[in-house]
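**Student:** Based on the provided sequences and hints, a complete structural model is requested.
Those sequence lines, one after another, are chains A and B.
If you use the numbering used here, the first sequence closes out at 381, no skipped numbers anywhere.
If you use the numbering used here, the second sequence closes out at 381, no skipped numbers anywhere.
Hints listed in this document are in silico derivations from the structure and should not be mistaken for laboratory results.
Quick reminder that beta carbons are idealized off the backbone N, C-alpha and C, glycines included.
It cannot be assumed that every hint is accurate.
A few chain B residues facing chain A, derived, Cβ under 10 angstroms [claimed, not checked]:
| hint | residue |
| --- | --- |
| 1 | 134 |
| 2 | 138 |
| 3 | 303 |
| 4 | 304 |
| 5 | 311 |
| 6 | 325 |
| 7 | 327 |
| 8 | 340 |
| 9 | 343 |
Number of protein chains: 2
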Amino acid sequence: MRGVVLEGPRDIQVIDREDPRIIDPTDAIIRITATCICGSDLWPYRGEDDSRHQVMGHEYVGVVTEIGAEVTTLKVGDPVVGSFVISDNTCEICQAGYQSKCVHAEFVAYTVGTQAEYARIPFADGTLVKTPGEPDPEIVPSLLAASDVLGTGWFAAVAAEVGPGKTVAVVGDGAVGLMGVLAAKELGAERIIVSSRHADRQALAREFGATDVLAERGDDFVAKVKELTNGFGAHSVIEAVGTAESFAQARKSVRPGGHVGFVGIAHDVQIPGDELFFDEIHLHGGPAPVRRFLPELIGLIWERKIDPGKVFDLTLPLEQAAEGYRAMDERRATKVLLTL
Amino acid sequence: MRGVVLEGPRDIQVIDREDPRIIDPTDAIIRITATCICGSDLWPYRGEDDSRHQVMGHEYVGVVTEIGAEVTTLKVGDPVVGSFVISDNTCEICQAGYQSKCVHAEFVAYTVGTQAEYARIPFADGTLVKTPGEPDPEIVPSLLAASDVLGTGWFAAVAAEVGPGKTVAVVGDGAVGLMGVLAAKELGAERIIVSSRHADRQALAREFGATDVLAERGDDFVAKVKELTNGFGAHSVIEAVGTAESFAQARKSVRPGGHVGFVGIAHDVQIPGDELFFDEIHLHGGPAPVRRFLPELIGLIWERKIDPGKVFDLTLPLEQAAEGYRAMDERRATKVLLTL
Numbered sequence: 042m043r044g045v046v047l048e049g050p051r052d053i054q055v056i057d058r059e060d061p062r063i064i065d066p067t068d069a070i071i072r073i074t075a076t077c078i079c080g081s082d083l084w085p086y087r088g089e090d091d092s093r094h095q096v097m098g099h100e101y102v103g104v105v106t107e108i109g110a111e112v113t114t115l116k117v118g119d120p121v122v123g124s125f126v127i128s129d130n131t132c133e134i135c136q137a138g139y140q141s142k143c144v145h146a147e148f149v150a151y152t153v154g155t156q157a158e159y160a161r162i163p164f165a166d167g168t169l170v171k172t173p174g175e176p177d178p179e180i181v182p183s184l185l186a187a188s189d190v191l192g193t194g195w196f197a198a199v200a201a202e203v204g205p206g207k208t209v210a211v212v213g214d215g216a217v218g219l220m221g222v223l224a225a226k227e228l229g230a231e232r233i234i235v236s237s238r239h240a241d242r243q244a245l246a247r248e249f250g251a252t253d254v255l256a257e258r259g260d261d262f263v264a265k266v267k268e269l270t271n272g273f274g275a276h277s278v279i280e281a282v283g284t285a286e287s288f289a290q291a292r293k294s295v296r297p298g299g300h301v302g303f304v305g306i307a308h309d310v311q312i313p314g315d316e317l318f319f320d321e322i323h324l325h326g327g328p329a330p331v332r333r334f335l336p337e338l339i340g341l342i343w344e345r346k347i348d349p350g351k352v353f354d355l356t357l358p359l360e361q362a363a364e365g366y367r368a369m370d371e372r373r374a375t376k377v378l379l380t381l
Numbered sequence: 042m043r044g045v046v047l048e049g050p051r052d053i054q055v056i057d058r059e060d061p062r063i064i065d066p067t068d069a070i071i072r073i074t075a076t077c078i079c080g081s082d083l084w085p086y087r088g089e090d091d092s093r094h095q096v097m098g099h100e101y102v103g104v105v106t107e108i109g110a111e112v113t114t115l116k117v118g119d120p121v122v123g124s125f126v127i128s129d130n131t132c133e134i135c136q137a138g139y140q141s142k143c144v145h146a147e148f149v150a151y152t153v154g155t156q157a158e159y160a161r162i163p164f165a166d167g168t169l170v171k172t173p174g175e176p177d178p179e180i181v182p183s184l185l186a187a188s189d190v191l192g193t194g195w196f197a198a199v200a201a202e203v204g205p206g207k208t209v210a211v212v213g214d215g216a217v218g219l220m221g222v223l224a225a226k227e228l229g230a231e232r233i234i235v236s237s238r239h240a241d242r243q244a245l246a247r248e249f250g251a252t253d254v255l256a257e258r259g260d261d262f263v264a265k266v267k268e269l270t271n272g273f274g275a276h277s278v279i280e281a282v283g284t285a286e287s288f289a290q291a292r293k294s295v296r297p298g299g300h301v302g303f304v305g306i307a308h309d310v311q312i313p314g315d316e317l318f319f320d321e322i323h324l325h326g327g328p329a330p331v332r333r334f335l336p337e338l339i340g341l342i343w344e345r346k347i348d349p350g351k352v353f354d355l356t357l358p359l360e361q362a363a364e365g366y367r368a369m370d371e372r373r374a375t376k377v378l379l380t381l
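**Tutor:** If you want it as structure tokens, here you go:
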């Protein structure tokens, strides 16, 4: 089969990869019908993780083509969406809603690599969710978004305890930040403040429910959020970048007793304990337990209540993945969908 | 009046201080009937904060002797307990339960200094809570504990989301850690694991409800907690020390999705963002909003349901405060009550 490989920094190639096959009885093989490039793929792409000869991709919508002997909830032909983390969905950690930290957790990125025609999904019953029927092509991008970027933005909003009547600040106008805006709106936030300087992302943020789009960054953003909230800061802040600057911006934008939900993969972030102590805020985040939210998110998409697929602003065939990575790296695209 | 002053590192003196008087119409003057020495007093005592000529003390039980023109809930003669942070208890932050971050917040330590015969309490209506009547002498130590150390341990347990059926680990066997054990028990925890190597503190921890007292520290403690929890870690962890080592011990003892409540004043703590991200835990803490809990805690003490006053293992007259500081510094005493 054809699949994307990162050969070295900024060297994306689409090559012939070995067809996946059932190894464990809890595996399923799926034919991927849509996949995409994640902001987090840019870390290894840019050489931050020194990855070489690396299969890529962890977001996917597909159809089951083969199941292992112990798979019980899926059959060949089922259309499915899966999480970017493998989970059994039965262990104590999964049952508490933290499938991304399942005792059998494994990142789909780098091991499975779903920027490809087929994928082997371990613990298929606990990782994949069947859609109510064959999805209309128009909602495939939204279902694909549920696989990670929507699920991650949603988790960030839940972790930030977004709710009715609350003011939410979103740090990051990438795809996850924009999904955080959508989630905040859906979860009933009264005011949604987002930091963005890109006209297209500003427009999408407003479409998803942002009430205030600020060009300010860093301490200027913090000052502006305080100005908009009687000096208190936001009730909830979504951190969707992962740098020291964005983390500090998020932390300082929240009021005492408020909540920061952080989902940007932290790179070179050190949180000063004394400041955190006297700020008296809540911090929660990490790799989103997308599997917790998938049934609900699929339902919202199926009923056309949310349209997260709008976050894709460039669609390319899998064979042109390299151009997709370049477009995201150069911020010419917010998020790139790869067709098969 | 007589009052305790830290003249310089390890130099505690009891001197004549000016009698406090009403300055603002929301002030009350109280005659202090009992006060004590806090573990946090040891930071300046040991020279960590380079404090000199500093009034000391922030825990207090007393009787109102004078009120400002705008004080409405108190009258002269009322027996009261107050928080270690001044609060108006009416602002938006107070109403959300974060009185320690009130817009009028001010630390009683270092400004008021309640290791003294009298104290001026600003925002008396929002800071002090009247007891149901004249307290029996036997419960005065417990009411005094509510002023900070019990309220702080209680907040830590609430911040760590302690509840029925949960396993709680407590890092720190000082007075606050011990109060965390008591709070965890009262809040319904099933298993309470505490780290202690001091026979007297171990005994008190067991009396307050600890089910497992471990001599291990650091990574050995973490390993033991995991061993006791099917490899997962505790649901809730109370951090009651404030060093880099204790903070790491707390963070690593909690399971994914679990909660760390931290109340040790953080000194030289840097939390690595990448570890926090992949640990996927909740962090919440800071100066305890004791005022939130005071009415409930006074009620529990009044009804003899809890006996936090047992945490005091040395009682001295105010004039011998210097010996009290020495005893706590040298860990000869867990917590020292000063009588007036």
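**Student:** Look at each hint and say if it fits the structure.
**Tutor:** Consistency of the hints with the structure:
{"no.": "1", "hint": "134", "result": "holds (5 angstroms)"}
{"no.": "2", "hint": "138", "result": "holds (6 angstroms)"}
{"no.": "3", "hint": "303", "result": "holds (7 angstroms)"}
{"no.": "4", "hint": "304", "result": "holds (9 angstroms)"}
{"no.": "5", "hint": "311", "result": "holds (5 angstroms)"}
{"no.": "6", "hint": "325", "result": "holds (4 angstroms)"}
{"no.": "7", "hint": "327", "result": "holds (3 angstroms)"}
{"no.": "8", "hint": "340", "result": "violated (23 angstroms)"}
{"no.": "9", "hint": "343", "result": "violated (28 angstroms)"}
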